[in-house]
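Residue numbers (numbering that gives the first Met the number 0), protein chains in the order written: chain A, 0 to 178; chain B, 0 to 508; chain C, 0 to 156; chain D, 0 to 331.
The hints are simulated quantities; they were obtained by calculation from the structure and are not laboratory data. There could be a bad hint or two in this list.
[To be verified] Below, simulated SDA-like cross-link-like pairs (lysine to any residue); rule was C-alpha separation at most 20 Å, straight line:
{"id": "1", "chain 1": "A", "residue 1": "K30", "chain 2": "D", "residue 2": "W288"}
{"id": "2", "chain 1": "A", "residue 1": "K43", "chain 2": "D", "residue 2": "D38"}
{"id": "3", "chain 1": "D", "residue 1": "K303", "chain 2": "A", "residue 2": "T20"}
{"id": "4", "chain 1": "D", "residue 1": "K307", "chain 2": "D", "residue 2": "D166"}
{"id": "5", "chain 1": "B", "residue 1": "K134", "chain 2": "B", "residue 2": "D208"}
{"id": "6", "chain 1": "B", "residue 1": "K132", "chain 2": "A", "residue 2": "V109"}
{"id": "7", "chain 1": "D", "residue 1": "K307", "chain 2": "D", "residue 2": "L151"}
{"id": "8", "chain 1": "A", "residue 1": "K23", "chain 2": "D", "residue 2": "F282"}
{"id": "9", "chain 1": "D", "residue 1": "K331", "chain 2": "D", "residue 2": "L319"}
{"id": "10", "chain 1": "B", "residue 1": "K212", "chain 2": "A", "residue 2": "F18"}
{"id": "11", "chain 1": "B", "residue 1": "K176", "chain 2": "B", "residue 2": "V201"}
{"id": "12", "chain 1": "A", "residue 1": "K23", "chain 2": "D", "residue 2": "L151"}
{"id": "13", "chain 1": "C", "residue 1": "K83", "chain 2": "B", "residue 2": "R173"}
{"id": "14", "chain 1": "B", "residue 1": "K129", "chain 2": "B", "residue 2": "D208"}
{"id": "15", "chain 1": "B", "residue 1": "K132", "chain 2": "A", "residue 2": "K93"}
{"id": "16", "chain 1": "B", "residue 1": "K129", "chain 2": "B", "residue 2": "F211"}
{"id": "17", "chain 1": "B", "residue 1": "K134", "chain 2": "A", "residue 2": "A100"}
{"id": "18", "chain 1": "B", "residue 1": "K212", "chain 2": "A", "residue 2": "A100"}
{"id": "19", "chain 1": "A", "residue 1": "K23", "chain 2": "D", "residue 2": "F284"}
{"id": "20", "chain 1": "A", "residue 1": "K23", "chain 2": "D", "residue 2": "K303"}
{"id": "21", "chain 1": "A", "residue 1": "K93", "chain 2": "B", "residue 2": "P101"}
{"id": "22", "chain 1": "A", "residue 1": "K30", "chain 2": "D", "residue 2": "K303"}
{"id": "23", "chain 1": "B", "residue 1": "K397", "chain 2": "B", "residue 2": "G306"}
{"id": "24", "chain 1": "D", "residue 1": "K303", "chain 2": "A", "residue 2": "F18"}
{"id": "25", "chain 1": "A", "residue 1": "K158", "chain 2": "B", "residue 2": "F211"}
{"id": "26", "chain 1": "B", "residue 1": "K134", "chain 2": "A", "residue 2": "K23"}
[Stated by the list, open to error] These stretches of chain A come out as covered by chain D in the derived footprint (C-beta under 8 Å, 3 or more residues):
{"id": "27", "segment": "29-36"}
{"id": "28", "segment": "46-53"}
{"id": "29", "segment": "156-166"}
[Claimed, not checked] For each label pair, taking beta carbons as the anchor points, the in silico distance ranges come out as:
{"id": "30", "chain 1": "A", "residue 1": "R37", "chain 2": "D", "residue 2": "L273", "range": "21 to 31 Å"}
{"id": "31", "chain 1": "A", "residue 1": "R171", "chain 2": "B", "residue 2": "S137", "range": "45 to 55 Å"}
{"id": "32", "chain 1": "A", "residue 1": "F154", "chain 2": "B", "residue 2": "E367", "range": "53 to 63 Å"}
{"id": "33", "chain 1": "D", "residue 1": "Y298", "chain 2": "A", "residue 2": "T2", "range": "26 to 36 Å"}
{"id": "34", "chain 1": "B", "residue 1": "E409", "chain 2": "A", "residue 2": "P54", "range": "55 to 65 Å"}
{"id": "35", "chain 1": "C", "residue 1": "R156", "chain 2": "B", "residue 2": "R67", "range": "53 to 63 Å"}
{"id": "36", "chain 1": "C", "residue 1": "N142", "chain 2": "A", "residue 2": "R171", "range": "50 to 60 Å"}
{"id": "37", "chain 1": "B", "residue 1": "Q57", "chain 2": "C", "residue 2": "W39", "range": "38 to 48 Å"}
{"id": "38", "chain 1": "A", "residue 1": "F154", "chain 2": "B", "residue 2": "T235", "range": "55 to 65 Å"}
{"id": "39", "chain 1": "D", "residue 1": "M0", "chain 2": "A", "residue 2": "I16", "range": "35 to 45 Å"}
{"id": "40", "chain 1": "A", "residue 1": "T104", "chain 2": "B", "residue 2": "A366", "range": "31 to 41 Å"}
All C-beta atoms, glycine included, are put in the ideal place defined by N, C-alpha and C.
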Amino acid sequence: MKTRIVKRPQLSVGERIYFATVVKGLLLTIKHFFGVCRDLFDWKNKKTAITMQYPEERWDFKDNFRGAPALVMDQFGREKCVACQMCEFVCPPKAITIWPAEFATKDNNVEKFPDRFEIDMLRCIYCGFCEEACPEEAIFLVKEAELVHTDKKDFIHDKGKLYEMGGIREDRILKWQHK
Amino acid sequence: MSGTVNVTVDGKQVAVPGGLNLIEAARYAGKSVPHYCYHPRLSVAGNCRICLVEIQGQGKLQIACNTRVTEGMSYFTDNERVRKAREGIMELLLINHPLDCPICDQAGECKLQEYAVEHGSGITRYAFEKVRKPKNVSWGDKVVFDSERCILCTRCVRFLDEVAGTPEVGLDMRGEKCTLVVKGDGKLTSPYQMNVIDLCPVGALTSRDFRFKSRVWFMHFTDTVCTSCARGCNVTVGSRGDRVLRMVPRANPDVNHNWMCDHGRLHYAFVNDETRLTVPRVAGKGAPYAAAIARAKAILEGARGQGILAVASPFMTNEELFAMKELLDRLGVEDRFFLKPMGEGDDLLVHPEKCPNARGAALLGFAEAAAEWPSKEYGALLHFAPHEGADLPEEALKRAKRRILFSLKEREADVCFPLTTWIEKDGTVVSAGDRLQRLTKGITFEPTLVTERTVLDRLHASLDASHRPPDTAAQALARLAAALPAFAGVTWTRIGPLGMKLEATGAPA
Amino acid sequence: MADFSPELLAKVKDLWKRYPERKAALLPAMHLIQKERGGWFSPETIRDTAELFEVPDIHVQGIVGFYDMFHDEPVGRHVVRLCKTLSCKLRGADELRAHIKRTFGVDHGETTKDGAFTFRCFECLGHCTTAPMMLVDEERHENLTAEKVDRVLGGLR
Amino acid sequence: MTYVLGKLLHIVIVAGAVLPGVGAVMVWAERRVSAFMQDRLGPNRVGPAGLLQPVADLLKFIFKEDVIPGHVNKTLYVLAPVMSLVPALVAFCVVPYARGMAIADVNVGILLVFAISSIAVYGISIGGWASNNKYSLLGGVRASAQMISYELALGLSVVPVFLIVGDLNMEAIVRWQKENGWLVFWLFPAWVIFLISSYAETNRLPFDLPEAETELVAGYHTEYSSMKFALFFLAEYIHMTTASALSVALFFGGYELPFVTLPQGVWGTVLSGLIFFAKMSFFLFLFIWVRWTLPRFRYDQLMKLGWKILLPASLAIIVLTAGGVALRETLK
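Given only the sequences and the hints, what does the whole structure look like? Please build it.
Structure follows, in structure tokens:
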């Protein structure tokens, strides 16, 4: 490792007496103090204050934001998930549980579907591995990040909730149509 | 075919038995040659071409499975030419593959997946529409066939012809249309048909029973022994979340080779039965083990004068039987029997004795119950109900004033202890041909369940405070081996995963 | 022994002598059997053949499925095989196929309503010099034109 | 009897309502001011401008589980917060916060303050020791060493005031300043030493080594929670109040304003009280302001400053002042 020796700066007498610098520091903080005071009266054109007043002001999430995972349907309204359980396998906190089942009819390319699909949002760490692992591009992390419930049970997102959050996503990969 | 020959594999000289093919010979040099159609227990077909090797002095690459070693032969399993050939074969095999690994039960133990990673190039140059073939074809109620995944290795064809003796499957059509067909109405009839599922190197043949139950990587695997008959086929049990999901044979050249019968393979539902008894019952009410054991002790002590009838089960391990024997010795019980369920057998694997350890029970001094029961009246009955099949006749049960039962399901008794199944405990059984084999604990059905050996030992200790029961099955076996000449010299490690023959019994091999 | 004609059995036994094992004679024997059993292999015929050769049924079935000259469906009195491979195609085999469909109402794999013949398109029959050509049963017809086809096939009725 | 009842009422109002009230408002002010200085807004949800935040905090403290860890010395552990708070309250008694309104108008006033506020360190030291936790113990030890070091400078920095005024009575000092001008103009260096020392005495930044979060988790109150923690917290703020009040009374003319004569009677008292509070508020704000500006001293720096700079400096000031006073007396 390359080391660089940094010389300690020699303090001048004025600096060593300390008072001037203390006063300088005090002036700096009071400048910010009055800056925020000013902002309070003209919040729209705020200059100094930087915090966002959350419920009134909200973030504009970027597209790669990792919120809650959700299942999507294709443009024909059929579920893309084939219950391969790769997400369940890759999920580091083991938040995903899938109960696969077999279609009663044989009129499509897919034989398997998730009978139940549950994501325990109390375990989920929003890592996005499920989205990466999914071979069918059926699970995505959506921008929904404000999960507030008063009952622990509500944090377990079932299939209905996951599809409601995910909605429809147009895609070329259509396991139903062709292989 | 005999003697050893010297061959050079990838520049490494090894001496191998004569008559070996190049795949087996390469193993002596620590090399593995990929193969789909070749199976050591089936005839050589040589149609998958993935095992191509370069033999020095021969122009073209040769298939390793159908070439036998000769003195001084030198061949390469891993040079540039061979790798390129394998890459080409992999690309060819995957041209029409549907790539439906997400819904394929074979995923995770699929040779196509493994070799695609090890030997494939990762790309395909084939840009045309893939061939469609029948998918999800039912081959009866046990096997599901998917023609698109099939690589036409004919392992299944050869197994049913050569091993099971029921040639039911063949290849039909040719070229891209080539597919497997089943004779007649398209349903398999062989009682060994499910072995084709294990044999199939890809996901073309999958089990109806195991279908979509679990991905293999979620499962916990336990090497143990099948208890459906006295053959004691070596098996690997796959479980997830303390429920058994499937059984597949485990290779043991002395017992079952690589096979097992469908009945044994599918015979595990009673393990997962949620209505099983999980806590002891005293007079029809649930009770803690301590209370049940105290009640059983009172019954046994009260019945000493009037005689006690002991009926063991051939589903018990040797260690459990020995614990019972020790208890009965303490109580001075003479009448010791066991009930042996019988059924049909066949020439291949199925044994007519439908229990795993009838021989062990006999060796431990229990008499096979005769058609007629002793007409005596007993003060108490200590009875281990077999998991299935023959149980004590009603009048025999009634002959005892008080009954202590061990049963899978709740039954009418003074004390009824729950039984544990073979996959829930360690122990040994004596299979056909006096072969001592190990059972291994794979699941815990209910944390409340206590194995029979522990119950017996605790009962024994409550009668006699000096009784120091062994902790593990291995310790119990050591105690048993010290006490019985038939088991002399046997230890847990000596039995090993493949079992051993009990020499001291003098039975024919 | 299955109920094959004594002549056939004699021929098969003769064939057996020519090969190291019986199974090897399966192909020539099956041509004879197909001819005797109405030009196609019914499940019964397959079973009988397998019994005769002491091989699994499924083996015979596989051969029938593999080779184009064996049929697993009933055929007409004659089998017409029109070559469709390159030389014949260049010389107008496709037009002849369309012509046959127009005139006789049969396309590949179909049998005329009166059962006179089954028409099949075939891969190269080895007479490229005289393309286009077709095979009627075991008889070659070369340098085909629409008129010639009409004449030959008309004669089969 | 009336006198005793009146005094009791006075004590109850000051110690039970005014000082805790000031402390509570200080909690809110600290959070708001610090937020503003860091370009944030601070608590602004509970009540107008977040003014009810202290109430919410108090309710939270009250309803929190009062954890007494198993490994502590229970008696001392429970006693420590009280021992910390009581001296803080008592020290305020001699401060004339309005005309004639000191609870105890004693003639040794300022000495009493020092005497009592020295006891406060026991609360912290005992709390640190009783917690049976290495961080707490270190915090307690640091507090005692720091108190002893700066007590000296603090006490000596006030001596010139007595030298000049010639009286220890707080009212007398205030009166003197009314007549001769604020003492800070006479004794600016002494006031600076007093200010610095009072920061160290109250464990405020840049001298908060007893609780130095980055080194000692939370120092002496690591193991405290709920109301016991709140008492420590309150004690600190009341100490600040007392220190500010002393600064005002000793150096900044107390409740009087220069060049203005307050009317006699009740209105004069109220006005003088308001003046006192206004002055005190500035010093309280200064406490917060300094806290959110300066970084924490290292321990050796703290000791060096106390013993090698402040102590000699304050001694020098005493000598100089004594000389000045002697000169004044000679010239008279």
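* What are the numbers of the hints the structure violates, in ascending order? -> 4, 10, 12, 14, 15, 16, 20, 22, 26, 29, 31, 38, 39, 40
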